[in-house]
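Participant: Okay, here's what each chain looks like letter by letter:
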Amino acid sequence: EAGVAQSPRYKIIEKRQSVAFWCNPISGHATLYWYQQILGQGPKLLIQFQNNGVVDDSQLPKDRFSAERLKGVDSTLKIQPAKLEDSAVYLCASSSVGQVEAEAFFGQGTRLTVV
Amino acid sequence: GNSVTQMEGPVTLSEEAFLTINCTYTATGYPSLFWYVQYPGEGLQLLLKATKADDKGSNKGFEATYRKETTSFHLEKGSVQVSDSAVYFCALRGYSSASKIIFGSGTRLSIRP
Numbered sequence: 001e002a003g004v005a006q007s008p009r010y011k012i013i014e015k016r017q018s019v020a021f022w023c024n025p026i027s028g029h030a031t032l033y034w035y036q037q038i039l040g041q042g043p044k045l046l047i048q049f050q051n052n053g054v055v056d057d058s059q060l061p062k063d064r065f066s067a068e069r070l071k072g073v074d075s076t077l078k079i080q081p082a083k084l085e086d087s088a089v090y091l092c093a094s095s096s097v098g099q100v101e102a103e104a105f106f107g108q109g110t111r112l113t114v115v
Numbered sequence: 001g002n003s004v005t006q007m008e009g010p011v012t013l014s015e016e017a018f019l020t021i022n023c024t025y026t027a028t029g030y031p032s033l034f035w036y037v038q039y040p041g042e043g044l045q046l047l048l049k050a051t052k053a054d055d056k057g058s059n060k061g062f063e064a065t066y067r068k069e070t071t072s073f074h075l076e077k078g079s080v081q082v083s084d085s086a087v088y089f090c091a092l093r094g095y096s097s098a099s100k101i102i103f104g105s106g107t108r109l110s111i112r113p
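Residue numbers (the numbering used here), protein chains in the order written: chain B, 1 to 115; chain D, 1 to 113.
Incorrect hints may appear among the rest.
[As the list claims (entries may be wrong)] Label pairs and their calculated CB-CB ranges:
#, chain 1, residue 1, chain 2, residue 2, range
1, B, T113, D, L46, 39 to 47 Å
2, D, T28, B, Q41, 37 to 45 Å
3, B, K44, D, S85, 23 to 31 Å
4, B, N52, D, K56, 33 to 41 Å
5, D, R108, B, S66, 30 to 38 Å
6, D, A53, B, N52, 17 to 25 Å
7, D, R112, B, S27, 24 to 32 Å
8, B, G72, D, Q81, 25 to 33 Å
[Stated by the list, open to error] Taking beta-carbon pairs under 10 Å as the criterion, some of the chain B residues facing chain D (in silico):
#, residue
9, Q6
10, Y35
11, G40
12, Q41
13, L45
14, Q48
15, V55
16, D63
17, A88
18, L91
Hints were generated in silico from the structure; no laboratory data involved. In this text, a Cβ means the ideal position worked out from N, Cα and C, and glycines have one as well.
Make a model of the complete structure from these sequences and hints.
Facilitator: Structure, rendered in structure tokens:
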């Protein structure tokens, strides 16, 4: 079974530039998550989709971050404009829907450095 | 809201030592509980899980028991190996299948030969 695919693996940008990350979840997984993991901290949920709809985006800085999930499969996360404090690893994860006990499967992440 | 509190690290042990990493949680209802591990240079992967009170999750010699009365899910291993060196995260999902998964801050474990 193919895992969660993310790209790019690494990205370095200057502050005020924009950047986009892509995620392809495990086939058949209706729930998709984007997490931000700052060095030395646990992952923090930015946004959770179930199929095309947003379930939770309460911690997404909506003035600069946006995310979409077209056709309920792939997803992109965008930052515009980036700030220094956005330097982190951005993790995409997916899980099956309808099961409280279902764990999330994670991609390798995209390490973003804002200079 | 729901939250997870995890033992501060880093933790350094000698090979074959006994390991405990503490995790406590705050949640309404009966959440599902998870331990994830992040090996150097790799992504997060599930280590074990428990979905109801008194359940014991186990994998690779690690165990954790879901204790509703103490709201805890401590990770244990009887004899650690150098290959167990990693960062360990305790996590929970609320009682709704649409609930988000919340992570603790992580505990870095280093095992010396």
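Participant: Which earlier hints turn out false for this structure, listed by number in ascending order?
Facilitator: When the structure is compared with the hints, numbers 1, 2, 6, 7, 8, 16 and 17 turn out to be violated.
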